[in-house]
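**Q** Residues per chain are reported as follows:
2 protein chains.
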Amino acid sequence: MQNFDYQTPTRLIFGKGVIEKLPSVMSQFGKKILLTYGGGSIKKIGLYQKVHELLKGYDIVELSDIQPNPKYDPSVLDGVRLCKEHKVDVILAVGGGSVLDCSKAIAAGACYDGDPWDLISYKVKAQAALPIVDIITLAATGSEYDTFGVISRTETNDKIGYGDRLLYPVCSFLDPTYTFTVNKKQTAAGIADAMNHVMEQYFTEDTTLLNDGFCESMLRSLMVNGRKCLENPEDYTARAEMMLACTYGCNGILALGNSPSGWPCHGIEHALSAYYDITHGWGLAIITPRWMKHILNEHTLPRFVKYGINVFGIDASLDQWEIANKAIEETYKFFESIGIPMHLREVGIDESRVGEMAHHIAVNEGLDQAYAPLTEQDITEIITASL
Amino acid sequence: MQNFDYQTPTRLIFGKGVIEKLPSVMSQFGKKILLTYGGGSIKKIGLYQKVHELLKGYDIVELSDIQPNPKYDPSVLDGVRLCKEHKVDVILAVGGGSVLDCSKAIAAGACYDGDPWDLISYKVKAQAALPIVDIITLAATGSEYDTFGVISRTETNDKIGYGDRLLYPVCSFLDPTYTFTVNKKQTAAGIADAMNHVMEQYFTEDTTLLNDGFCESMLRSLMVNGRKCLENPEDYTARAEMMLACTYGCNGILALGNSPSGWPCHGIEHALSAYYDITHGWGLAIITPRWMKHILNEHTLPRFVKYGINVFGIDASLDQWEIANKAIEETYKFFESIGIPMHLREVGIDESRVGEMAHHIAVNEGLDQAYAPLTEQDITEIITASL
Numbered sequence: 001m002q003n004f005d006y007q008t009p010t011r012l013i014f015g016k017g018v019i020e021k022l023p024s025v026m027s028q029f030g031k032k033i034l035l036t037y038g039g040g041s042i043k044k045i046g047l048y049q050k051v052h053e054l055l056k057g058y059d060i061v062e063l064s065d066i067q068p069n070p071k072y073d074p075s076v077l078d079g080v081r082l083c084k085e086h087k088v089d090v091i092l093a094v095g096g097g098s099v100l101d102c103s104k105a106i107a108a109g110a111c112y113d114g115d116p117w118d119l120i121s122y123k124v125k126a127q128a129a130l131p132i133v134d135i136i137t138l139a140a141t142g143s144e145y146d147t148f149g150v151i152s153r154t155e156t157n158d159k160i161g162y163g164d165r166l167l168y169p170v171c172s173f174l175d176p177t178y179t180f181t182v183n184k185k186q187t188a189a190g191i192a193d194a195m196n197h198v199m200e201q202y203f204t205e206d207t208t209l210l211n212d213g214f215c216e217s218m219l220r221s222l223m224v225n226g227r228k229c230l231e232n233p234e235d236y237t238a239r240a241e242m243m244l245a246c247t248y249g250c251n252g253i254l255a256l257g258n259s260p261s262g263w264p265c266h267g268i269e270h271a272l273s274a275y276y277d278i279t280h281g282w283g284l285a286i287i288t289p290r291w292m293k294h295i296l297n298e299h300t301l302p303r304f305v306k307y308g309i310n311v312f313g314i315d316a317s318l319d320q321w322e323i324a325n326k327a328i329e330e331t332y333k334f335f336e337s338i339g340i341p342m343h344l345r346e347v348g349i350d351e352s353r354v355g356e357m358a359h360h361i362a363v364n365e366g367l368d369q370a371y372a373p374l375t376e377q378d379i380t381e382i383i384t385a386s387l
Numbered sequence: 001m002q003n004f005d006y007q008t009p010t011r012l013i014f015g016k017g018v019i020e021k022l023p024s025v026m027s028q029f030g031k032k033i034l035l036t037y038g039g040g041s042i043k044k045i046g047l048y049q050k051v052h053e054l055l056k057g058y059d060i061v062e063l064s065d066i067q068p069n070p071k072y073d074p075s076v077l078d079g080v081r082l083c084k085e086h087k088v089d090v091i092l093a094v095g096g097g098s099v100l101d102c103s104k105a106i107a108a109g110a111c112y113d114g115d116p117w118d119l120i121s122y123k124v125k126a127q128a129a130l131p132i133v134d135i136i137t138l139a140a141t142g143s144e145y146d147t148f149g150v151i152s153r154t155e156t157n158d159k160i161g162y163g164d165r166l167l168y169p170v171c172s173f174l175d176p177t178y179t180f181t182v183n184k185k186q187t188a189a190g191i192a193d194a195m196n197h198v199m200e201q202y203f204t205e206d207t208t209l210l211n212d213g214f215c216e217s218m219l220r221s222l223m224v225n226g227r228k229c230l231e232n233p234e235d236y237t238a239r240a241e242m243m244l245a246c247t248y249g250c251n252g253i254l255a256l257g258n259s260p261s262g263w264p265c266h267g268i269e270h271a272l273s274a275y276y277d278i279t280h281g282w283g284l285a286i287i288t289p290r291w292m293k294h295i296l297n298e299h300t301l302p303r304f305v306k307y308g309i310n311v312f313g314i315d316a317s318l319d320q321w322e323i324a325n326k327a328i329e330e331t332y333k334f335f336e337s338i339g340i341p342m343h344l345r346e347v348g349i350d351e352s353r354v355g356e357m358a359h360h361i362a363v364n365e366g367l368d369q370a371y372a373p374l375t376e377q378d379i380t381e382i383i384t385a386s387l
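As given, the protein sequences belong to chains W and L, one line each in that order.
One point on numbering: in the numbering used here, the residue at position 269 of the first sequence is 269, and numbering is uninterrupted.
One point on numbering: in the numbering used here, the residue at position 339 of the second sequence is 339, and numbering is uninterrupted.
Since the hints were made in silico from the structure, they are not lab data.
From a predicted model like this one, the values you see are computed outputs, not experimental measurements.
The reader is advised that the hints may include incorrect statements.
The list cannot tell twin chains apart, which means a pair is met if one copy fits it or any two copies do.
Subject to a maximum C-alpha distance of 27 angstroms in a straight line, what follows is the list of computed DSS-like cross-link-like pairs (lysine-lysine) [stated by the list, open to error]: (1) Lys44 to Lys185; (2) Lys125 to Lys21; (3) Lys21 to Lys123; (4) Lys333 to Lys184; (5) Lys306 to Lys228; (6) Lys16 to Lys185; (7) Lys87 to Lys228.
Working from the sequences, and respecting the hints, build out all of it.
**A** In structure tokens, the structure reads:
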């Protein structure tokens, strides 16, 4: 077991109707709020109106139109400018992971005099950040319970995951009913994203019975409840359990003491969505089984066997290689069964820029240090197999 | 799924040698420290000396001799007096759960003008508390990652669990090597205590696949690693995994969204150890299988079946009642196999005060609201079956 230093101070307020606690939470942070959100979906479900109603008497500045794979320019830059101009006290992010990720970059940038990219690219360590409260409307990224954000910079094809302890939300509101209107495509992408977060941490060295059990429970729960959410979008219990499972994805609690895994599928997918702006969860679902196939060998075999038996219930008496291959096949089939197009061509990616992307990944993502180390050639082969 | 409001802000610094970070952590809180500990064990393992060496330049006041089932008088009262006299800034608790529990009561009492019992008995809500840092030397209670403490008041036979959000330790140091010298009796008591924390949360309504999976992983991990710790007390990996598993016991993360369970075995055991000062983990181990047998019925059957299959690997094709009864038997046999005396008579408790204790429990512990509600008669029968 490896040493670790872990803390997740975020307060989770979870369940139907918990929004009523918003005024008492916001009252701790001052009167000037930057309200961040994406498209119009929070208006359609009445959440935008509800927030304004609950926060009468506050001075609210708005930053809207934050896109999936949120952009440095204009979203982060505009948000930072608004915070500085209006001397904002606290950011209230309402939406999915992209809105919250963008808000984290704004929170740090607002307390820094230079170019916010210095912080995102780790050239400069953030010294302070505005407090962030969020209201989550999409179960997927786990951003509501971690320090991380992922920001894209179009002109350089960069999609960078950055994190800082200062960026834990102080409070996350999680009302599963807000996810009732999430469509099938986004629901499936959320399931795949959350499942991949678990897999990225499960496939590594030095794991424990405890962490393995947590991860396997997460995967089983996400598959069972994910399917129920797709079948009946207003199944409260399924939406609630999926929402809770997603929160654990990225704050490290599933892998305390494990060896670093390198998060290889995220490393690869970040380039795909930076170059082509595809849906993150779809990209992960397409890459994952091909990555698994690529790294399956004598050394990794026992992990795949455990995964197959405990997650998919594959008969433990079968030949080990058969279990492992079946497990990879089941992974593929599950993603396919929830409606995810399982080839990159179906989302508009062809072979033309594979070499360029593989090079970018090899240079920037440190995957030579991953659980199963990947060279530029390996990355090329994984992406090619995913076409 | 029930609504919840959850937060565990404690920083966990985990692993061999992490004590070196103590000065940088303590430097955040001021120069006056109350150092709390129990008997001489922290001196025997050199930890007492190490702490003094690392904290040269600090002004350290000491409170020693904190007993298992820590006492209001003298320990809490002495600690509060020392904090007030010396204007202590921060408490450093070094030891097991009892030292830390006692330190939590002191931390709240030090910031209150009246009798600290007002806070412990919830007559008055604490408004402030001193920050607490701890160094854990015994894996068991999970006090290092929760708000709770249990304090005994001898003259009234009270053993009260109290909690307040103010009482999360700000930082817990967890070095598994400090548990190498914990003897077989205390190691077994720790295993039973931690396992019972999980069972108290597992046996309830409205559970999720996710929480059930977490709980089942905890139990499997505690049994496997607990045995290894007993066989080879210096097995780092086993001690480490057990230590990590114990941290999750009481902060609620295993039961987010579950119905309240009432923690019935703790309710009963608190009276046993208040009246007879027995080892808490032993008392829990003795009570648990008798409580299980008592509450097994048509309604609770499916929970016991799930428990039997997923925790003990009992053949799922057997008759449901057979699985449930076998699961209870396996629970008993496990505790017995790790050296716990499985009858109250063996720890000095006979039938003479059973009625008195059952009445005390029925009046004070609210077990008529438990998952399987218990009357005074039920409690009498469970204790009698445990004699």
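**Q** All hints, please: hold or fail.
**A** Cross-check of the supplied hints:
Taking the closest pair of Cα atoms, Lys44 and Lys185 come within 27 angstroms of each other only inside a single copy of the chain (18 angstroms); across copies the shortest separation is 61 angstroms, beyond that limit. In this assembly of identical chains, Lys125 and Lys21 lie within 27 angstroms of each other by CA distance solely across copies; the values are 21 angstroms between and 33 angstroms within a copy. In the homo-oligomer, the alpha carbons of Lys21 and Lys123 lie at most 27 angstroms apart only across protomers (26 angstroms), although the nearest pairing inside one protomer, at 38 angstroms, exceeds that limit. In this assembly of identical chains, the alpha carbons of Lys333 and Lys184 lie at most 27 angstroms apart only when taken from the same copy (17 angstroms versus 49 angstroms across copies).
Taking CA atoms no more than 27 angstroms apart as the test, Lys306 paired with Lys228 passes in both settings, with 25 angstroms inside one copy and 21 angstroms between copies. Taking the shortest Cα distances, Lys16 and Lys185 sit within 27 angstroms of each other inside one copy (24 angstroms), while across copies they are farther apart (46 angstroms). For a Cα distance limit of 27 angstroms, the shortest separation of Lys87 from Lys228 qualifies neither inside one copy, at 44 angstroms, nor across copies, at 57 angstroms.
The structure does not agree with numbered hint 7 stated previously, though it agrees with all others.
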